[in-house]
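Taking the hints into account, I'd like the entire structure generated from these sequences.
Respectively, the protein sequence lines represent chains S and V. Position 188 of the first sequence, counting from 1, maps to 188 under our numbering, and the rest follow consecutively. Position 28 of the second sequence, counting from 1, maps to 28 under our numbering, and the rest follow consecutively.
Please note: incorrect hints may appear among the correct ones.
Just a few of them, taken from the derived set where beta-carbon distance is under 10 Å, the chain V residues facing chain S [as the list claims (entries may be wrong)]:
| id | residue |
| --- | --- |
| 1 | Arg-45 |
| 2 | Ala-123 |
| 3 | Ser-139 |
| 4 | Lys-141 |
| 5 | Phe-144 |
| 6 | Val-145 |
| 7 | Lys-152 |
| 8 | Met-155 |
| 9 | Asn-156 |
| 10 | Tyr-159 |
| 11 | Ala-162 |
| 12 | Met-167 |
| 13 | Leu-170 |
| 14 | Asn-178 |
| 15 | Phe-183 |
| 16 | Ser-266 |
No wet-lab data here; the hints were simulated from the structure. Quantities reported herein were computed from a predicted structural model and do not represent experimental measurements. Note that beta-carbon positions come from the ideal geometry of N, C-alpha and C, so glycine has one too.
2 protein chains.
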Amino acid sequence: MAGETFDPWGSELLSDYEHLFSEFGMQRVDEKVLRRVLNANRLWRRGIVFAHRDFDKWLSAFERKEGVACMSGIKPSSEFHLGSKLTAEEMIFFQKEFNAKVFYSIADLECYADNGIPLAESAKTAVSNLADMLALGLSEKNCFVWKQSEEKRVMNLAYVFARKTTMNTLKALYGERNIGLYFSVLTQAGDILLPQLQDFGGAKNVVVPVGVDQDPHIRFTRDIAAKFEAEYGFKLPAATFHKFFRSLSGESKMSKRDALGVITLSDDADSLKKKVSRAFTGGRATVEEQKRLGGEWKKCVVYELCLFHFEEDDKELEERQRRCASGEISCGECKKEVIEKIQKWMKAHQEKKKKLVPKAEKMLAGD
Amino acid sequence: MAGETFDPWGSELLSDYEHLFSEFGMQRVDEKVLRRVLNANRLWRRGIVFAHRDFDKWLSAFERKEGVACMSGIKPSSEFHLGSKLTAEEMIFFQKEFNAKVFYSIADLECYADNGIPLAESAKTAVSNLADMLALGLSEKNCFVWKQSEEKRVMNLAYVFARKTTMNTLKALYGERNIGLYFSVLTQAGDILLPQLQDFGGAKNVVVPVGVDQDPHIRFTRDIAAKFEAEYGFKLPAATFHKFFRSLSGESKMSKRDALGVITLSDDADSLKKKVSRAFTGGRATVEEQKRLGGEWKKCVVYELCLFHFEEDDKELEERQRRCASGEISCGECKKEVIEKIQKWMKAHQEKKKKLVPKAEKMLAGD
Numbered sequence: 001m002a003g004e005t006f007d008p009w010g011s012e013l014l015s016d017y018e019h020l021f022s023e024f025g026m027q028r029v030d031e032k033v034l035r036r037v038l039n040a041n042r043l044w045r046r047g048i049v050f051a052h053r054d055f056d057k058w059l060s061a062f063e064r065k066e067g068v069a070c071m072s073g074i075k076p077s078s079e080f081h082l083g084s085k086l087t088a089e090e091m092i093f094f095q096k097e098f099n100a101k102v103f104y105s106i107a108d109l110e111c112y113a114d115n116g117i118p119l120a121e122s123a124k125t126a127v128s129n130l131a132d133m134l135a136l137g138l139s140e141k142n143c144f145v146w147k148q149s150e151e152k153r154v155m156n157l158a159y160v161f162a163r164k165t166t167m168n169t170l171k172a173l174y175g176e177r178n179i180g181l182y183f184s185v186l187t188q189a190g191d192i193l194l195p196q197l198q199d200f201g202g203a204k205n206v207v208v209p210v211g212v213d214q215d216p217h218i219r220f221t222r223d224i225a226a227k228f229e230a231e232y233g234f235k236l237p238a239a240t241f242h243k244f245f246r247s248l249s250g251e252s253k254m255s256k257r258d259a260l261g262v263i264t265l266s267d268d269a270d271s272l273k274k275k276v277s278r279a280f281t282g283g284r285a286t287v288e289e290q291k292r293l294g295g296e297w298k299k300c301v302v303y304e305l306c307l308f309h310f311e312e313d314d315k316e317l318e319e320r321q322r323r324c325a326s327g328e329i330s331c332g333e334c335k336k337e338v339i340e341k342i343q344k345w346m347k348a349h350q351e352k353k354k355k356l357v358p359k360a361e362k363m364l365a366g367d
Numbered sequence: 001m002a003g004e005t006f007d008p009w010g011s012e013l014l015s016d017y018e019h020l021f022s023e024f025g026m027q028r029v030d031e032k033v034l035r036r037v038l039n040a041n042r043l044w045r046r047g048i049v050f051a052h053r054d055f056d057k058w059l060s061a062f063e064r065k066e067g068v069a070c071m072s073g074i075k076p077s078s079e080f081h082l083g084s085k086l087t088a089e090e091m092i093f094f095q096k097e098f099n100a101k102v103f104y105s106i107a108d109l110e111c112y113a114d115n116g117i118p119l120a121e122s123a124k125t126a127v128s129n130l131a132d133m134l135a136l137g138l139s140e141k142n143c144f145v146w147k148q149s150e151e152k153r154v155m156n157l158a159y160v161f162a163r164k165t166t167m168n169t170l171k172a173l174y175g176e177r178n179i180g181l182y183f184s185v186l187t188q189a190g191d192i193l194l195p196q197l198q199d200f201g202g203a204k205n206v207v208v209p210v211g212v213d214q215d216p217h218i219r220f221t222r223d224i225a226a227k228f229e230a231e232y233g234f235k236l237p238a239a240t241f242h243k244f245f246r247s248l249s250g251e252s253k254m255s256k257r258d259a260l261g262v263i264t265l266s267d268d269a270d271s272l273k274k275k276v277s278r279a280f281t282g283g284r285a286t287v288e289e290q291k292r293l294g295g296e297w298k299k300c301v302v303y304e305l306c307l308f309h310f311e312e313d314d315k316e317l318e319e320r321q322r323r324c325a326s327g328e329i330s331c332g333e334c335k336k337e338v339i340e341k342i343q344k345w346m347k348a349h350q351e352k353k354k355k356l357v358p359k360a361e362k363m364l365a366g367d
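Right, here's the structure in full:
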């Protein structure tokens, strides 16, 4: 069952992406799609954004010069980590390259339902998360940010959608869950469809960039959009899916639930050093073997840190592959270089972010 | 099971009230309680308000000169009928005699979940319902009225309460229902506990006057209040319960679902005449028998119209009993008198109400 393969609230690693296309009807981000993605950044060039639903239609709308939008959100349960950074960068990319209006939900009600974090507490985390978004390049101009608990239109939609949602549908998609989590699914559908309310100009093409584990939410919301098409005129939201970024242990997806395996955008130089030093690599059992056989960069989380996040230059990335595979560099040396690279990136990011906290506070001040 | 006996969304008649005290732990409105109810009106004197939970504690708080409050609501699915009038009169009584602050919820989200009526439509009905309340004597001064869909604090509480609510609890209380109705139960708990939020001065003694079929909501909300006592400081809400007012057919409780058996506060003189003329009575098979044996006023819905609603004077009521039981009056004659009584009451009410519609509109205008 779908509910067993995908768990939007879990941290399992989905190593085989192939069946998503055959079993779940996802579409590939292939050459044909890529050609239409303007100024494709590393996420697109390197196949990190690897699958989609109806993103080709979204591109067509853009090419027809229709206004397009992009929607996603964050559960404000902890500091931004490298997984949330992927979604953020996708949104910022759509905003910049496609002039897409960004709709960004702070999923504080889901955060309470799933993690039990009181709204007052998650409100503080939300400010930090949004400041990260701004530092990553989000423009506040073409952008609407809300907290679920403050946006009554979203909550109202959840109640509306509940009327055409059976328990069986929810069980099939998510397994046996408590009523709070079920209702947060309906609330999230409200988040995703909010941009299409009359208050925001009505029906439009919206793409939702998410990690691949969030697909149940996408499928559910697309069904809801179809069911309420007559009443609200919704278009089915499109989606793009990125691969998981693994935990530093290499074992599961990077998740807020795994504090030791996670790199957050608030980590200081020391903790970055400690964490990356202990990360899982593709190194051999002995120095001698490493020199003779070379490292296995395809298995290496440190390599993935560069691939997914910290090496923009494709040539440099290939060079790191080569040095590893040839045995030219040891894991220790490689880690040292990558740690420096990350520390440098983080320092710049955190300085930028610090200045943007007041702006984030203001954007979230609400009524 | 509780869910089978009580159905807050159904219209069955609960003819035997006795088991409520033994099985469900309700308390009786006995002489001891009645002595403490100041200026008891017909609802109290005639045993229509017959049961309670912790209402004695509420009275004690009042007697200690603590401020007390009263909370109830209406599902704005149709015009006020004689059943909703009972709840309204209880609230107005508490406001007037105990200086209780009235909290009144327009349950438009439940109305959508249960009846599928869109919010825009129920908003119009809500104005009419509130105008009826005002015409019945509600003072807008010591009063807070809200729509569920507009009151984010209520919706937020629903999500909070969901976290400590299992599906099994909901199933045991309400049977198998859809997720919308389950969530409207949580929303109603939010309504009932709203008066105890800090925004309204924190924990206080609140009584909830309802029809006896609403007890599952009361029990559920009292459990929720206990579970969140540490976090919110809630006191368990008290409740008073009134007997059902029957459908004019005598067969089920008066309900919006049964258009022919229901008297609404908007009925005109003609339809009142038609409806009451066809009402179920305690009359005998023939005129001769009626004269010989007398009528059975205990079975008669027309008598109940006087008992519950349209005869304030206890002596007059007894006189009607006597005339019926002695065979002095026929059902036709009695109905004629009662129809005139009701028409007169309605005319006065509707004239009063008409003038109060703009005030109701203003109170519900919201943000």
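A quick look at each hint next to the structure:
1. Arg-45: 41 Å, violated
2. Ala-123: Constraint on Ala-123/V not satisfied, violated at 12 Å.
3. Ser-139: 28 Å, violated
4. Lys-141: 26 Å, violated
5. Phe-144: Violated, about 17 Å.
6. Val-145: 17 Å, violated
7. Lys-152: The hint holds - Lys-152/V has a Cβ within 10 Å of chain S, the shortest such distance being about 5 Å.
8. Met-155: 4 Å, holds
9. Asn-156: Check passed: Cβ of Asn-156/V comes within 5 Å of chain S, closer than 10 Å.
10. Tyr-159: 5 Å, holds
11. Ala-162: Hint holds; Ala-162/V Cβ to chain S Cβ min 3 Å, cut 10 Å.
12. Met-167: 6 Å, holds
13. Leu-170: 7 Å, holds
14. Asn-178: 7 Å, holds
15. Phe-183: 5 Å, holds
16. Ser-266: Status violated, d = 27 Å.
When each numbered hint is compared with the structure, violations occur for hints 1, 2, 3, 4, 5, 6, 16.
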